[in-house]
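**Q** Heads up: the protein sequence lines correspond to chains A and B, in order. Residue numbering for the first sequence is 54 to 394, as defined by the numbering used here. Residue numbering for the second sequence is 17 to 315, as defined by the numbering used here.
If you are wondering where the hints come from, they were derived from the structure by calculation, not from laboratory data. As the structure is a prediction and not an experimental result, all values here were calculated from the model. Be aware that one or more of the hints could be misleading.
Label pairs and their in silico Cβ distance ranges [to be verified]:
hint : chain 1 : residue 1 : chain 2 : residue 2 : range
1    : B       : Pro217    : A       : Asn212    : 22 to 28 Å
2    : A       : Ile86     : B       : Ser195    : 23 to 29 Å
3    : A       : Ile86     : B       : Ser290    : 51 to 57 Å
4    : B       : Arg41     : A       : Glu192    : 49 to 55 Å
5    : B       : Asp305    : A       : Ser87     : 42 to 48 Å
Think of the CB as a built atom: it goes at the ideal place given N, C-alpha and C, for glycine as much as any other residue.
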Amino acid sequence: MTQAPARAAARPLLEVNDLKKHFPIRSGFLSGISGYVYAVDGVSFSINRGETLSLVGESGCGKSTVGRTVLRLIEPTAGQVLLDGERIDDLPARRLRPLRRRMQVVFQDPFSSLNPRLKVRDILAEPITNFGLATSKGELDDRLADLMDKVRLPRDAMNRFPHEFSGGQRQRIGIARALAPGSDLIICDEAVSALDVSVKAQIVNLLSDLQDELGVSLLFISHDLAIVEHITHRVAVMYLGKIVEIADKKTLFATPKHPYTEALLSAVPVPDPTTKRNRIILKGDVPSPIRPPSGCRFHTRCPHAFDRCKVEEPTLKVVAPGQFAACHLHDPAAQPVARAA
Amino acid sequence: MSADTAVAAAPAQVEIFAPEKRRGRIRTFIRRHPAIALGGALLFLMVLAAVFAPLLSSIDPQALAPARRVRHPSAEYWFGTDMLGRDVYTRVIYGTRVSLIVGFAVAILASLLGLIIGLISGFIRVLDGVIMRVMDGLMSIPPILLAIALMAATRGSVQNVIIAITIAEIPRVSRLVRSVVLSLREQPYVEAAIAAGTTTPRIIVRHILPNTLAPLTVQATYICASAMITEAILSFIGAGTPPIIPSWGNIMAEGRALWQVAPYIVFFPALFLSLTVLSVNLLGDGLRDALDPRLAKRI
Chain A
54 MTQAPARAAA RPLLEVNDLK KHFPIRSGFL SGISGYVYAV DGVSFSINRG ETLSLVGESG
114 CGKSTVGRTV LRLIEPTAGQ VLLDGERIDD LPARRLRPLR RRMQVVFQDP FSSLNPRLKV
174 RDILAEPITN FGLATSKGEL DDRLADLMDK VRLPRDAMNR FPHEFSGGQR QRIGIARALA
234 PGSDLIICDE AVSALDVSVK AQIVNLLSDL QDELGVSLLF ISHDLAIVEH ITHRVAVMYL
294 GKIVEIADKK TLFATPKHPY TEALLSAVPV PDPTTKRNRI ILKGDVPSPI RPPSGCRFHT
354 RCPHAFDRCK VEEPTLKVVA PGQFAACHLH DPAAQPVARA A
Chain B
17 MSADTAVAAA PAQVEIFAPE KRRGRIRTFI RRHPAIALGG ALLFLMVLAA VFAPLLSSID
77 PQALAPARRV RHPSAEYWFG TDMLGRDVYT RVIYGTRVSL IVGFAVAILA SLLGLIIGLI
137 SGFIRVLDGV IMRVMDGLMS IPPILLAIAL MAATRGSVQN VIIAITIAEI PRVSRLVRSV
197 VLSLREQPYV EAAIAAGTTT PRIIVRHILP NTLAPLTVQA TYICASAMIT EAILSFIGAG
257 TPPIIPSWGN IMAEGRALWQ VAPYIVFFPA LFLSLTVLSV NLLGDGLRDA LDPRLAKRI
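Required output: the full structure, derived from the provided sequences and hints.
**A** Right, dumping it as structure tokens:
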């Protein structure tokens, strides 16, 4: 499951254009807005049918906000979200509801993502009945049994409550719920981050199997590059509300172009302790998304930053076939000095 | 990379469940929830006493018998008689009615109204500020003072006592419900329900209300207990149930003057009040544990 599917349709399943989400900061009762958190500030990407795009970056870079905005759990400030060519970012709630069937979500915490008072059967039946996908009780039962089979859980577990399951099993229930309405896109918001290593591997394998089986697209939001490398087709690297590099998995992991991607990849643990590596240690912390740095947002921590980076914001440009990076170093027009590779 | 090795080593999944157990009835329940069993049994006895008061005593609670004033407890007069010769046992049994009616009515009314107000302010953010400031205002007055003030403005009757105590208790309930609603709204399972196309009314009914019920029930029992105490206080200071109705507060108020010669007049209604409040609180604590499926251990 490492090759991009050949049957990718001409039109991407999900297209996100210049998405922005700025959270207003209110300092107190009755006082006005004193500023904004620029959580997501102009993000564009697309996902094809049956494809996995991973969104990676450190905590607070806005990757989860992208997922939640695409799902319309929070309203975008600006930009477009197109599902199968149809804009969904400006649809009123009533017209959006039927389209929700096509995109579902799996959350990080398997404990708070299932209502403790509902049996698994009722949790899974909710999306099916919401969209009127089962006309009779028999049909509903068939669908539920099928879902349990898909996520490799015993069928009789449907009559149990969530607290009777382990973290990995609960995450399977969460995945079954996401599959229940026959969705085309599943947004996995750190879906395996809270699990043990062995369980993590099971869930990741389950997701890949389900993708092969059902052809669903995945937006895999994660900070774990090792897991991402295993599951994804393409990777988008986010830093402070912007995508700094987006490329095929192989290209990105073999020849990262953005200094931030290089630093991230150099931080991935390697199982062999004798391997010699060039660890790139970034200085300082991630700047505040309330006052993002001028120019390139990464210039305050970039080992290769030069004057232009402080004033001019780089845009995503093709740097190699299938690879885009937002970095002045790769702009042939203005190379300052030869890069020390 | 490392994931590949981890994935290769991953064992086959599907954990096996223990078969579901079916256990014996009452004994298991008592062992699992002793607080509910004890509190429930005690409260049930009180309810029986209230309902069957005329059967438990053949004497009229208001019947005066000046010849038999201030008799100490004996086989004839179990709890003795007061300064007007009325049978304290009969009056205490009848007093159960007032206390239970006030306690239950206030608990139900305050919970319902508080639930509605709490849901409104948790879901309609525009009204939240206004509603909560009003509630803060009400809460800044001690509930007993508020109830006294409300009683002073009206005529003394059981109905007015209920209304006054309910108004005094509502702010606490609505604050509780609001805070629960606000935290539940942010739960991933509620977000997942939104993503799954569930409409807001259904989210409230399916995901918010059932999870509000446990803390609300517990709060309702505490309100019930505190309403019974407040009613007794109001009656004791003469601002509650009219003296013609035998309520525990009234009996204690009447017995106060004779405290040194006939302490039993105050003692028995006080004992009944304490036992009832204790039973309701036990029930509340037990329910809190039992209503949370995460705490409901299968032994």
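**Q** Would you mind marking each hint as holding or not holding in the structure?
**A** Each hint tested on the structure:
1. B/Pro217 x A/Asn212: 22 to 28 Å: This hint holds: roughly 27 Å between Cβ atoms.
2. A/Ile86 x B/Ser195: 23 to 29 Å: Cβ of A/Ile86 to Cβ of B/Ser195: about 25 Å, so the range 23 to 29 Å holds.
3. A/Ile86 x B/Ser290: 51 to 57 Å: The hint (51 to 57 Å, Cβ to Cβ) holds, given that A/Ile86 and B/Ser290 are roughly 55 Å apart.
4. B/Arg41 x A/Glu192: 49 to 55 Å: Given about 37 Å between the Cβ atoms, the range is violated.
5. B/Asp305 x A/Ser87: 42 to 48 Å: Holds - the Cβ-Cβ distance for B/Asp305 and A/Ser87, about 45 Å, lies within 42 to 48 Å.
Of the numbered hints stated above, the single one contradicted by the structure is hint 4.
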